[in-house]
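Chains B, C, D, E and F: place on chain A using the hints.
6 protein chains.
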Amino acid sequence: MSAPLAAYSSYEFMLVTSPAPFVAHLEINRPKKLNAFSQQVWLEFGRVFQQLSEDSDVRVVILSGAGDRAFTAGLDVQAAATDSPFSGDKQELDPARKAKLLRPHIDEFQSCISQMEKCEKPVICVMHAVSIGLAIDISCCADIRIAAANTRLAVKEVDIGLAADIGTLARLPKIVGSTSWVKDVCLTARDFSAQEALAVGFVSQVHDTKATAIEAAQKIAVSLASKSPVAVQGTKELLNYGREHSTADSLRYTAIWNSVALQGEDFPKAMMSGLAKTKPTFSKL
Amino acid sequence: MSAPLAAYSSYEFMLVTSPAPFVAHLEINRPKKLNAFSQQVWLEFGRVFQQLSEDSDVRVVILSGAGDRAFTAGLDVQAAATDSPFSGDKQELDPARKAKLLRPHIDEFQSCISQMEKCEKPVICVMHAVSIGLAIDISCCADIRIAAANTRLAVKEVDIGLAADIGTLARLPKIVGSTSWVKDVCLTARDFSAQEALAVGFVSQVHDTKATAIEAAQKIAVSLASKSPVAVQGTKELLNYGREHSTADSLRYTAIWNSVALQGEDFPKAMMSGLAKTKPTFSKL
Amino acid sequence: MSAPLAAYSSYEFMLVTSPAPFVAHLEINRPKKLNAFSQQVWLEFGRVFQQLSEDSDVRVVILSGAGDRAFTAGLDVQAAATDSPFSGDKQELDPARKAKLLRPHIDEFQSCISQMEKCEKPVICVMHAVSIGLAIDISCCADIRIAAANTRLAVKEVDIGLAADIGTLARLPKIVGSTSWVKDVCLTARDFSAQEALAVGFVSQVHDTKATAIEAAQKIAVSLASKSPVAVQGTKELLNYGREHSTADSLRYTAIWNSVALQGEDFPKAMMSGLAKTKPTFSKL
Amino acid sequence: MSAPLAAYSSYEFMLVTSPAPFVAHLEINRPKKLNAFSQQVWLEFGRVFQQLSEDSDVRVVILSGAGDRAFTAGLDVQAAATDSPFSGDKQELDPARKAKLLRPHIDEFQSCISQMEKCEKPVICVMHAVSIGLAIDISCCADIRIAAANTRLAVKEVDIGLAADIGTLARLPKIVGSTSWVKDVCLTARDFSAQEALAVGFVSQVHDTKATAIEAAQKIAVSLASKSPVAVQGTKELLNYGREHSTADSLRYTAIWNSVALQGEDFPKAMMSGLAKTKPTFSKL
Amino acid sequence: MSAPLAAYSSYEFMLVTSPAPFVAHLEINRPKKLNAFSQQVWLEFGRVFQQLSEDSDVRVVILSGAGDRAFTAGLDVQAAATDSPFSGDKQELDPARKAKLLRPHIDEFQSCISQMEKCEKPVICVMHAVSIGLAIDISCCADIRIAAANTRLAVKEVDIGLAADIGTLARLPKIVGSTSWVKDVCLTARDFSAQEALAVGFVSQVHDTKATAIEAAQKIAVSLASKSPVAVQGTKELLNYGREHSTADSLRYTAIWNSVALQGEDFPKAMMSGLAKTKPTFSKL
Amino acid sequence: MSAPLAAYSSYEFMLVTSPAPFVAHLEINRPKKLNAFSQQVWLEFGRVFQQLSEDSDVRVVILSGAGDRAFTAGLDVQAAATDSPFSGDKQELDPARKAKLLRPHIDEFQSCISQMEKCEKPVICVMHAVSIGLAIDISCCADIRIAAANTRLAVKEVDIGLAADIGTLARLPKIVGSTSWVKDVCLTARDFSAQEALAVGFVSQVHDTKATAIEAAQKIAVSLASKSPVAVQGTKELLNYGREHSTADSLRYTAIWNSVALQGEDFPKAMMSGLAKTKPTFSKL
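For the protein sequence lines, the chains are A, B, C, D, E and F, in the order given. Residue numbering for the first sequence follows the working numbering, beginning at 1 and increasing consecutively. Residue numbering for the second sequence follows the working numbering, beginning at 1 and increasing consecutively. Residue numbering for the third sequence follows the working numbering, beginning at 1 and increasing consecutively. Residue numbering for the fourth sequence follows the working numbering, beginning at 1 and increasing consecutively. Residue numbering for the fifth sequence follows the working numbering, beginning at 1 and increasing consecutively. Residue numbering for the sixth sequence follows the working numbering, beginning at 1 and increasing consecutively.
Rather than coming from a laboratory, the hints here were simulated on the basis of the structure. Please note: incorrect hints may appear among the correct ones.
Where chains are identical, the list cannot tell them apart; a pair therefore holds if satisfied intra-copy or between any two copies.
[To be verified] Heads up, simulated DSSO-like pairs for lysine-lysine below, C-alpha to C-alpha not over 30 Å straight-line:
1. Lys90 <-> Lys33
2. Lys32 <-> Lys284
3. Lys279 <-> Lys32
4. Lys32 <-> Lys269
5. Lys118 <-> Lys33
6. Lys33 <-> Lys279
7. Lys118 <-> Lys269
8. Lys33 <-> Lys277
The following block holds chain A by itself, in its conformation from the complex:
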């Protein structure tokens, strides 16, 4: 197993190793709590993705949970109960003032998780074992989702009396084709398996074990790391833009984007390597 990357040693709950050049493997690292998220965990999660996004030694990120029991069990309900925005003397506030306290709390949480989507490098999410609640919000921010056969997935929020607010309800209808299925799992909060996730297109590969799933992710990651980072990161940016905008707007944005990207050295280098049947090497981005 690869050693932790020095540049990421200050995180308490985020473990970052590098299994191959330009590939970072991020593990949510709180296995005793099934990798559940307290506020401290999500603040670190946001920060580590910002750092990965800016780190020119990283071209692809693999995300998994530490340990065998869970990708993540979602919100740390006990921590949430004791450390609520309404604890202490705030109980007496009127509903408008309580809402005012809640909004930035939700915004911060959403914003930390969204950093994963904003990360300029492709993120491959490996789901395994317990993957419920926030696990779905998080995985919706990945580019490619892979699951181990034992993964137990659920959009669990309805069962704790709330509508999922950290991104599942905003993103799932856009990343899985069957709305009937999306509504089914979001409304009923029922478990679904890795195989079912594959059948509907939520994940694109299922592997026998967590280990083989991570191997598969690394195989993709190594391939992506060898390609032009200008091309790979531009492709991620434009696909995300395309999902959110009209075709006309996307084509226009794409033309502006490529009017500079095509001036980079990667395009001629890759094209020439292709004609010469050699393997190109790309400089950092």
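Structure of chains B, C, D, E and F alone, referenced to chain A:
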């Protein structure tokens, strides 16, 4: 079989029963005409969904057709022919004036069917036997679609010389992933089976008979009815919003929505029940 | 094999025949170069689709590549290298001025390919053998995609150091349900087969050979050609509109559209034929 | 003074007269309460605009308040206090359930006022004397705003502890150019005069008295009533659409709209009259 | 007076001269017909703006009408009457088929006029004398509008029985602040003066005569022509984008745009000239 | 003069005092450099607005420049020249890699200035003396703009060879009615006076001196500080939302927003005070 609900006894073509607490079963009730829609039927359809939406004794709606021959055969073509906006002395109008008569006619029809989508409670649509034309427009407004094995589906409008205008063309590209399939069935007006509908994700379950399909729907309905209505109805609202808006807009709307929903009693009640492994009961909404 | 259509005889790389009344079969006709696209090819491609769109003798278009080796191998890389916007004395320009030269170049290329999507008649795209790079951008503009079993598909652009800018990244997330799959193939540039394309819904039929795939396309085409062109073309327009707009905007646009379409002769003619069980014939549109 | 129109005699608070052919004058008719709005008033307001929109004897609407003391003083605060959604046994509801009661209440109120904007005929709003709070929400739904010199205007809601929710905050930034002014009057709730309203473009005419303001409105109304209703109503529709959509979307919608409007008899009739210097008469729409 | 530019000598109705380096003066040149637009005129109008947009010898365009009697009197009604899409044997078509003929006709007309807005160089429109109907559609596509004191303006379309469809209704609500005024002039078709146009912000300068108005336009043009074309053309692009998109989308587009524009030589050159108090010269774009 | 607020004492270039309860006065405090912005200044600017937004002792913010010579002279050009993202060994990067460095640089700058718009409390911007370049980007983020008579304004960026990218081009077309004026000042980079800014609605008040302008701002601020913060902050939020969204979306968002805001104590308190003619006091928010 459960008795008709008194509050819904005034409808001529809408039969509402309650197979379980908080569950309403709505049947399009014109079996001799294959549950086809005349203007009176769609006006009742709009009104009944408005009433179901506001009725705090209802937390889930199951929709099916009465009888074994059809969910619905769609527009009542004969009624449409005799009761057209152009009948009588209006034949001599110029095209601009005819358009002026047609627009509110189409608006009213669209608006009645859209009431089903606007219903704040989840709607599970059970399709069976003949389910063509308007049947597709209607089912596109459901949250979860289930079919009996004998269902015969078709976006039939092209075959009567028009483009489907009551919602199929607006919603189908957003609720089924394969646009190639969507265009195929909408342009050719060909029949497709329950199995094909399942394979592309238009429906999420297929059952042997209408009876077993309805049983399956009731099983989901009973489960949904036992959950926090604040959570369930919020989830429906936010998924529908998410389908129509950018991720950024959806996250913002979600934060506002939950800034009040989280102040309800359901969230702590459900969370405490979860920790205590008891079954919570939720008050009306 | 049917003879070339006289009205389309001036194209060098576009071969148009008519295998059945109102059906046009367009072949990208540069088989020695694997139907690769130089600037002249894409200019012709844009023009031929504009002509097909306006030609009232055409109600459906089938698109394939000429020969057995390729639908198209995409950009003609050699032509692109010698005939670049930066060749000759433009090498010394600053990046802002180079971008200014590149933008209209990309715009023109996008615009030519987009003419296929704008064609008012349904386009059935038959993919076969080599179908990489620009082949995907092109097929994303089709209404219905069919593949031969031997098709080798790839969103190849990343491997030549750029982000696909002729439409794949703008359209693919909207026409295939599984974003995880879309990102996988766009980021890795890996090959995928006809069967995989079918499984994710990118194509809706796979046939044993190019010949049987084209036969299948012709069967659909003949069926579409026999139907009301007012209904068929309206359906295409409204589905494309629906993909790009909110449901509310689409319903409104649909009502305006049908307020004139319903005044045509096709609606009563088709409805009466339906009641009388006769086969209607529709006049040109 | 003209007699009340028989077709509108059933309203308690809406008085409709016809000062000229095809011109309806609607007065908010609760002068003893300064034309303040209780729920009954806004329900009637919504209904009367729906009726005016559909009435082919009406081509233009003038709106004013009855009596000399007020256009309207806005919400009837006393009625609102006694007839609140929370009165009686609903006080004990939790905030999520109270919100559930409030939302349809606000929706209904918004929807009744928005009927004025949806009215297909141009509406000229004559403001006079007290015109505060809801008066601004209402006038934002008019097409043309005219004021008497004595008009006292204010976006008063902040002073009763709430953000204006019946349309002022949604529409004012789109119908007056200076956002600095819009924010000033909305945040401070200060009074502003007819002259100030004219200077910033909120109203387009100011007249000495209510009587002369109404005269001016009638002059415009008579002029509009003499013109092609196809042209006038199309212009209103397209301007409202243009305010809410991108230019590209508006141009597309306009082309569809006019593809039927131009087939009406008004276009050739008006054009020929123009060439012949005669005055055309247009049939009902 | 400057001589016609050779590169633009092939137009029949478009006269292009160059009163100063990098400044083109385009005149609609059909003075005997009050510069009215037949189809041939609008086709030339679209083409000349495309050419001006691409011509690196042009950095600013001034648009006026030839002669003293009119900027333009709008549509050439007589030509329109004889050369209609419905002339000859097309009279017998049904309304759906007539609409099908009309739509591309309107599209083409819109598209030719919109070329003026798409021109990448700033366009200063000098309005004078008769400026009605299409004159407003055209001037809405300009960047800066200047009027001579004798200008007679009117959104005239309602008076010929139609809603303006070449852009006025789509653009005017976005480029003038007072919607009450916009609706007034569009619905009533009344004349308004240069002074009124100035007061509402439709034009930004009024001058005594056509000659002094053109002088003023030239003064601005000469100033713009001396500035960095990268900066000037980028500013136009981003302002047009900003008008049509949300602030968040605009900021993102701006960042991409400037990530290449700032790499040009103009930014350091202009900045250094500023510090050194010298006058920079910019190379062609 | 009021003393600096202790909570804001750590800023080097941001001076915050409190001239009245709940009113904060923020001064850009780098008078020797005409309050020009280096990176450190804009980072502080972003942070201070985030702190003001969250500070429940602040209900209104006044922004001005320190000293008499400038509100701000904009970008500190000398600092920008020495501390560029391309300095040192980065000069050799290709254009794609340079763009990659520039984008986050622009994003950070935009984001710091946008914090002012995101501040939940109203911001009154007092412009005076030199107010060019970035001064306009900044003031576009204010709610209310007031100017001293000696203010010299200019959208100066074109004169340093670039398109303004920190918000002016995105926001100005939305906050001033006359697009002809907006394009004039943005393209020509010319100076304009406080009086001109008032005439077009960019500012809503002009006062003789900086001192009287600040007095006027304080008068508004004191008034706003005395009102319900729930109402005032909700009004700001909904007006900003309204500017960026369709009316339909805004009305929906407003209903959700007020479904909790109306449950606060401010609404009944303000209403009762109104009826009782007493002055209400509102608790912190």
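We went through each hint and held it up to the structure:
no. : hint              : verdict
1   : Lys90 <-> Lys33   : within (28 Å within a copy, 42 Å between copies)
2   : Lys32 <-> Lys284  : neither (38 Å within a copy, 39 Å between copies)
3   : Lys279 <-> Lys32  : between (44 Å within a copy, 27 Å between copies)
4   : Lys32 <-> Lys269  : between (48 Å within a copy, 26 Å between copies)
5   : Lys118 <-> Lys33  : within (27 Å within a copy, 36 Å between copies)
6   : Lys33 <-> Lys279  : between (45 Å within a copy, 24 Å between copies)
7   : Lys118 <-> Lys269 : within (28 Å within a copy, 35 Å between copies)
8   : Lys33 <-> Lys277  : between (50 Å within a copy, 19 Å between copies)
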